[in-house]
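If you're matching positions, the sequence shown starts at 0 in numbering that gives the first Met the number 0 and goes up one per residue.
Hint data in this document are derived by calculation from the structure and do not stem from the laboratory. It cannot be assumed that every hint is accurate.
Stated by the list, open to error - Straight-line distance between alpha carbons at most 20 Å, and here's what the computed DMTMM-like set of lysine to aspartate or glutamate pairs gives:
1. Lys143 x Asp156
2. Lys139 x Glu118
3. Lys240 x Asp67
4. Lys139 x Glu55
5. Lys245 x Glu74
6. Lys221 x Asp103
7. Lys139 x Glu203
8. Lys240 x Glu169
9. Lys245 x Asp172
10. Lys215 x Glu203
Here the structure is a predicted model, which means the values were calculated and not measured.
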Amino acid sequence: MRGAGGSAMKKSKGFSLVELMVAMLLGLLITGAALQLFLANQQSFALQQTLSRVQEDGQLFVRYLREDLRRAGLEMDGVTALTDEKGIRFATVGTVPGSANGNDYDRLTLAYHGMSDCEGSAVTILSEVVNTYFVNNDGKLICKGNLTGGNGVVLLDGVEAFELLYGIDENQDGYANVSRYVEAGNQGSFPVVAVRFSLLLKEESNSLPQSDGSRKFYVLTKTVSEPEDRSIRRIFMSTVKMRNYKWDAV
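Given these sequences and hints, build the entire structure.
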């Protein structure tokens, strides 16, 4: 058929129903793959963030406690002398409890001459500083200082174990060498020349699958069974050689 101008009329051809359905299916497949990749990357990013926080928190605490242990027992001229338990304290002095071996968590108490304690409390003259590290019932590792009578400062959350061993020198030969490591209460009258500490940290993450509870963590003398939850756990450990102790006792 020809129109008024004599030119033939052309009919435009559209997509068939089958072609539209195939195109929609391909689009859904591509969208689903992209969404799955996005969710996987998001889950991996969240997991890496959680792991980084645990690693950073644990390493910062290890460095902090190592420095505090190195100061333990430091005595300065003109300041009241420390007790006979130089550095690490095992006996209760006044209201301050000494280092002890606990069923769930250990406690560490150390003393030295300084002008600020672990809570950040400061004084204007050199004084005896006593810091006590312990874990409360909520799994928070706390340090309580003695300078201004504070309630303690939270250093870490999610602590499932805090264990300590004390290296004692049983041979009085003029050299500070560890004969063996013992728990608090078993050190006797021997000088402590090294401290080994370890802690187990956890942080929950919904990016993890549910654990089956079969894994175990060995934190020095303590064994912790992993519960069925979605948490990252890491063990941190360090051994510190004491700088200040009874020189005439080694």
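For this session: Compare the structure with the hints numbered earlier in the document and write down the numbers of the violated ones, lowest to highest.
Result: none
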